[in-house]
Amino acid sequence: MPTHTTNMRMKFPILALTLEVIMIILFGIFAVYDDGKGHGHDPQPGNSSHPEKPKDPMSLYPMFQDVHVMIFIGFGFLMTFLKRYGFSSVGVNLLLAALGLQWGLLTQGFWHLTDGKIKIDIFKIINADFSTATVLISFGAVLGKTSPVQLLIMAVLEIAIFSINEHLVANIFKANDVGASMIIHAFGAYFGLAVARVLYRPALKNGHENDGSVYHSDMFAMIGTVFLWMFWPSFNSAIADPGYTQLMAVVNTYLSLAACVLSAYAISSLVEHKGKLDMVHIQNATLAGGVAVGTCADMEIGPFGAMLIGLVAGIISTLGFKYLTPILASKLGIQDTCGVHNLHGMPGILGGLAGIIAVALGKKDGHATMQAAALASSLGFALIGGAVTGLIMKLPFWAQPPDQNCFDDSIYWEVPEEEEHEESLTAEHYKNKAEV
Amino acid sequence: MPTHTTNMRMKFPILALTLEVIMIILFGIFAVYDDGKGHGHDPQPGNSSHPEKPKDPMSLYPMFQDVHVMIFIGFGFLMTFLKRYGFSSVGVNLLLAALGLQWGLLTQGFWHLTDGKIKIDIFKIINADFSTATVLISFGAVLGKTSPVQLLIMAVLEIAIFSINEHLVANIFKANDVGASMIIHAFGAYFGLAVARVLYRPALKNGHENDGSVYHSDMFAMIGTVFLWMFWPSFNSAIADPGYTQLMAVVNTYLSLAACVLSAYAISSLVEHKGKLDMVHIQNATLAGGVAVGTCADMEIGPFGAMLIGLVAGIISTLGFKYLTPILASKLGIQDTCGVHNLHGMPGILGGLAGIIAVALGKKDGHATMQAAALASSLGFALIGGAVTGLIMKLPFWAQPPDQNCFDDSIYWEVPEEEEHEESLTAEHYKNKAEV
Amino acid sequence: MPTHTTNMRMKFPILALTLEVIMIILFGIFAVYDDGKGHGHDPQPGNSSHPEKPKDPMSLYPMFQDVHVMIFIGFGFLMTFLKRYGFSSVGVNLLLAALGLQWGLLTQGFWHLTDGKIKIDIFKIINADFSTATVLISFGAVLGKTSPVQLLIMAVLEIAIFSINEHLVANIFKANDVGASMIIHAFGAYFGLAVARVLYRPALKNGHENDGSVYHSDMFAMIGTVFLWMFWPSFNSAIADPGYTQLMAVVNTYLSLAACVLSAYAISSLVEHKGKLDMVHIQNATLAGGVAVGTCADMEIGPFGAMLIGLVAGIISTLGFKYLTPILASKLGIQDTCGVHNLHGMPGILGGLAGIIAVALGKKDGHATMQAAALASSLGFALIGGAVTGLIMKLPFWAQPPDQNCFDDSIYWEVPEEEEHEESLTAEHYKNKAEV
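Residue numbers (the UniProt record's numbering), protein chains in the order written: chain E, 1 to 436; chain F, 1 to 436; chain S, 1 to 436.
It should be emphasised that the hints constitute simulated quantities derived from the structure, not laboratory data. The structure presented is a predicted model; accordingly, all values stated were derived computationally and were not measured. Be a bit skeptical, because a hint or two may be false.
Which copy is meant is left open, so a pair is good if it fits within one copy or across any two.
[To be verified] Below, a list of computed lysine to any residue pairs in the SDA-like style, where the Cα atoms sit at most 20 Å apart:
1. Lys364 / Glu300
2. Lys274 / Val156
3. Lys55 / Pro242
4. Lys274 / Leu113
5. Lys11 / His273
With the sequences and hints as input, model every part of the structure.
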């Protein structure tokens, strides 16, 4: 095992500390606390002037904490389904999000300086958390095949590119995307898929022993799934106009997710061996309804419309896992570890299309063409940005894992020796036997 | 293994999709967003006109999210204690709750139409989540011995019956039950026990190899226990009158639960072999204080009264697990997998009785006789409704599991082969050995 | 194995029930619900009269629930990293916190009686939860080497002593410590270390087979880590002055924690074998930034200052785990199971020192000398109180575990026999084989 190539000593500490020092310096120069006169960044034209902005600076705090849980517990544990990659999934998720929220606060803030300063409020830290979601989605596409060093680089580049596209979508096109189906989900998915394509590993074409789950790792992943599922209404409504618009965003997401669960379970059983349910589908496709209703969440699509979107999202997402993912890997050389194309990619596009239709039908003020431009822009920045980022990540000195060590924590983490556990169990076993 | 009888292909997908399509059609006809003129459904006479209804439509949202976590993480993981049934516990919990919240929103809403419409607000989705709790409690009684097909049928019937009883209790009897000790906990428990009785399996009389926990499954269950325990004050106060009444409901529940923990631990150690603690008691009996204080939560019982209720609840619940559950199984043919009789049944009745006494003592406006009628009604609807539902579930074509395959996920789920795990561990083992 | 000495029957039930009965009696005498005229206890001079106290008695409830999750899920699961001690970690954590919050509500309330009564509001139950944190931190220092009986005794004594020191710091010195770096973290850590010193076990000097983690136990511990990390902004801002001061406390903690993650990961990789990451560092040192910024959280230190504190905290905490903990054990006879000295001790002192400097620099009203007195007082009460408590806990009849049974749940818990699991896996294995 050529461990010298995977040894992160020096490379990782130096990169991580350097990035953090740069962050601290930039915050020292640009960041101040909101003093109550700030407006907060806002991807929607509808309330860019925040006419209804609540007086209490803490009013969005519970929403922020729900989003925070989705980012750190939701995304982190969702990826722990791999049998030997749990440390990296939840651990590197924490690392990337911790860096990303600082960087996102800056890159988004630079577009909205007040007297040359970024005034930090709850609204801005919610958007900072949002920006990290793009990286965590892309992380899912390359999970198990990249080093923490490569991923830090991806985080820095992806969030910078995200912020440009978001500014374009929100402030130039003035398009609606309150739940970020386009600017976060579709963007993050296709960015990650582009990276995965560039980092294609032919040797893994026939799978890898550790590229799979065990019983307990699937249980840990369900912690992530359920927390994401529960708090998605907060994700889609956090930055909506306060009051009844926000309530509508909550209700639409709540109902879309509920409908999505039924269709995901139904299709999983329909396509699986002996009508059984497949954990991969349940862990992921049940969330597609939250992604797909994102753009329309604050539009007058009605409970009926929201549920229809959720129903369709659950179906296409499950079918994607079953039939599309294998084809992408074998035909296009896109090895999508977590199937982000099925959870974030296609449902994200579905959300964008639904938004175009909804706006065209007058469910919310806006221009259908601008919605279409926003979707195209998000996909374009994602594919090009991801390809370029992938090429940089492919440089041979980022401590990337050799093929045979993919999907294995022990290459970047001190992993406890399970044997001791086995032994203690045996001991326990005999002790119990003896007591009988 | 007669897998043809357990094969869910067609049966499950068709039922799940049909139910979801019906839901979407009914929502299309009846559901609209609350526009601010709605009153919200309310099981309490005290504030059925919502004199204090807050202006901000989102004010109850944090409470809703706490309840949401109890439903999906709390109930879901609490049932993962079984060694080979974790996928079904958390997965089917998600399925039933996702269907139930849609159906509950409708069945509760039909009693309170505004201009022929159900106006959805946070108050209504909290009650929709509540209605699913009855099904999840009953699920615990039949856990491991029913198919997802049977459980979908149970969910539809139980929530419909629940809504009738709830309407009777809240609007006809005008009884107090803010924390739903009677209409959710006692109802759900006895409904499930009636179903379990009808589905009695003599072959399981002497237990089943998989009807037990392993170390890690008990740890997963504690995730459910602790989240239920923490957020129970929200469950009992979510629909209380805003302000100091709601604060009182929080404080009463907080203190009742704390007292309950001490008594549950004490009794567990007292009755167990060598004074040891039993995880089954800790996972369940520590929550009985939340159930038992439910009806009285918004009454002036005082911290002293709340703690006394919690203390007693912890004692009877633990004793129930130790001595009553085995008798119910052997003498009455009621095989209560999760012991819901001890966590929801007896403590629910205790809560109802405490409510009768508290109202009689003038701790809150109301009529003790109506409180008694509410308890009787809840038990009556539960036992009769559960028996009828059980008979329908007993029809031989719902893909129910044969006795030998009970408590085993692999009959309805694609379960990863643990052997691979074992192998990788061995490999790991030798690699580590080699490095030494 | 001298099980007779570890048999808790009678000792534990009698102590637990007696304590609970005493609590109920004291609550009956002293506790009433807040009627809106209460002020709530407050460790800060700045708002001891609560000029801005919000009208809505529930306004702090979401903050309370975040803190609640940190206490019961955060601390509970953080300690589940030990391979055979998960039941005790999360279970005894629940027991101690449930007793502690009742006792803390009383001991803190006695200093602030209104008409001879303790008026319970959300502010007071937040502080009650806070008081339990000291015990849970100390629990980490003696984890695996104490009996539940000993720990109940520790909880009663530590919270009483904590309340005296807190009163001194907040109301006599009128020092600032909004996030409790000094009065909770440093106090809890040094109290626990003093207890650990008194309970020194020479036989464990060369380690213990069960004093380590396995893969899944490290995953469970990450649940605790991430929930603590996410909700720390609530911990540090819950009792801050409402409005922009509270926002500042949130922002400072959010940024300090983010910076801390990067430095903790960097140093972990720097000092570990082959540049790998160590789970012990990730689980703990990533949180040091929350501890260290506690005292300064509501001061005008600026985002820059907060991040600098987090950066330094992550570094010293990781270095402490790597180099200091072994020395404390070998040279000073302080066996710190969870390394609380690195997570709460040193970062707590760092927080106290930062507070002295910040106040001296006029970042908040106050006297640097009083800040210094607060730190000295917290350390003094902790060391002396811990030593005395340790001596009482050392009395030979508290069912303490013999050396060879330390770090093993099976001595105080009914532990399921893993062998059955192994068997069922083998069965599963062959069944799958057969199906092929």
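Outcome of the hint check:
For the identical chains of this complex, Lys364 and Glu300 are intra-copy neighbours only, at 7 Å inside a copy versus 42 Å across copies, given an alpha-carbon limit of 20 Å. For the identical chains of this complex, Lys274 and Val156 are neighbours neither inside a copy (45 Å) nor across copies (25 Å), given an alpha-carbon limit of 20 Å. For the identical chains of this complex, Lys55 and Pro242 are neighbours both inside a copy (11 Å) and across copies (12 Å), given an alpha-carbon limit of 20 Å. Proximity of Lys274 to Leu113 under the C-alpha cut-off of 20 Å is found in neither arrangement, the shortest distances being 59 Å within a copy and 43 Å between copies.
For the homomeric pair Lys11 and His273, the shortest alpha-carbon distance between copies (14 Å) is at most 20 Å, but the shortest distance inside one copy (46 Å) is not.
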